[in-house]
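J.: Listed below are the residues making up each chain.
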Amino acid sequence: KQEVTQIPAALSVPEGENLVLNCSFTDSAIYNLQWFRQDPGKGLTSLLLIQSSQREQTSGRLNASLDKSSGRSTLYIAASQPGDSATYLCAVDPGANNLFFGTGTRLTVIP
Amino acid sequence: DAGVIQSPRHEVTEMGQEVTLRCKPISGHNSLFWYRQTMMRGLELLIYFNNNVPIDDSGMPEDRFSAKMPNASFSTLKIQPSEPRDSAVYFCASSGGLNRGYTFGSGTRLTVV
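Those sequence lines, one after another, are chains P and C.
In this text, residue positions in the first sequence follow our numbering: the first is 890, and each later residue adds one.
In this text, residue positions in the second sequence follow our numbering: the first is 7, and each later residue adds one.
Read the hints as simulated data drawn from the structure, not as lab findings.
Think of the CB as a built atom: it goes at the ideal place given N, C-alpha and C, for glycine as much as any other residue.
Some clues are possibly wrong.
Derived CB-CB ranges, DEER-like [stated by the list, open to error]:
1) V59(C) with E945(P): 31 to 41 Å
2) G22(C) with S959(P): 48 to 58 Å
3) A967(P) with R70(C): 17 to 27 Å
Covered by chain C, according to a simulated footprint, are these stretches of chain P (three or more residues, beta-carbon under 8 Å) [what the hints assert, rightly or not]:
4) 923-932
5) 985-999
Just chain C, with the same shape it has in the complex (with noise of 0.2 Å):
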């Protein structure tokens, strides 16, 4: 299994741009996690989708951030329009479930100038 896959590794953006955050999650984990990790604030969970379908996503900052999952391989997380502070590291992460612990991706470093 190649693990949980993200994209761009690296991604940096003028200010007011959109950016897209992309994630394969481990085939047949019904979970997928979005978190941010920054310097000040550690990691912090954003949303989390169970069966493709959203259920927390009381961590999103603001309305500028936006995640979907269309279906079971695949999920994006959307900021419209980009803001030098929402730079850090986006880590998608995916479960099989209780007890089955959290599989990591390599993060997507976002930098916004």
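Chain P with its partners taken away, still in its complex shape (with noise of 0.2 Å):
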């Protein structure tokens, strides 16, 4: 069975700092790789996708890269700002009608 783990738990940075976050899983059989983040009692709100295909897709500030055959996915959020305090999921899809979801890394950024 598929595992996704995300690393760390839980971060706080300063304002301003550029940041990474990890993801890791077990089965590199996916179609692809979304992250997701979510704020305190709201939905998830998609940030990313990356298909199997694909080495990396930026937006904005934001930056991910999946290297498929070692498991490994990141999330680089560049000069941080207070707004992106938020818990970030990251998610793969094997194709199977299901997404694998990380446990998540709670991220604050202090002002």
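Both chains come to you apart, so use the hints to assemble them.
T.: Below, the structure is given as structure tokens:
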């Protein structure tokens, strides 16, 4: 069974710092990987989707990379802002109509 | 597009009562998913539909849970009778196909007392 791990579980950084969130998965047979953010008491907002044939995707200050063979993905956030504070979840799609979610990284950006 | 719409946002009910959660997927998306999120277990897939047909309900915890999708724009998740351990946030998500990603609704926070 696919297992998805996110490290660290929590991260606190000062505003303006660049940071990296990590996601690892045990089965490299995936179609894509999706990064979400979840604000407290809210739903999941999709940030980036990387298809298995791609190595990275960028949106604004966010850059996600995928190394399928090693079962790893990173989410890079540049020039962090207090509004980036949220829980970040990665999810892998094995193409079986289910997403396997990591446990998330809770990010706090300190003004 | 208004995204995936769920109702109600919050539901508080007494143990033993029937609860119905509702979802309207994004127009044109042919797959719909119901997830449950708890602190202990994270996000769990309960059931998914493809073209309004239930494909995999192996995640439905018990016979007390049932889901329907009578048409492409509406789905319900029903719990009857509800129990305190059903308290969780229930999310509906839809997808337009492989490699098109999932879009989640805002969720229904269910509390069973």
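J.: Are the hints correct? Go through all of them and say.
T.: Hint by hint, here is what the structure shows:
{"no.": "1", "hint": "V59(C) with E945(P): 31 to 41 Å", "in the structure": "holds, 36 Å"}
{"no.": "2", "hint": "G22(C) with S959(P): 48 to 58 Å", "in the structure": "holds, 50 Å"}
{"no.": "3", "hint": "A967(P) with R70(C): 17 to 27 Å", "in the structure": "violated, 47 Å"}
{"no.": "4", "hint": "923-932", "in the structure": "holds (count 5)"}
{"no.": "5", "hint": "985-999", "in the structure": "holds (count 6)"}
Of the hints listed earlier, the one the structure fails to meet is number 3.
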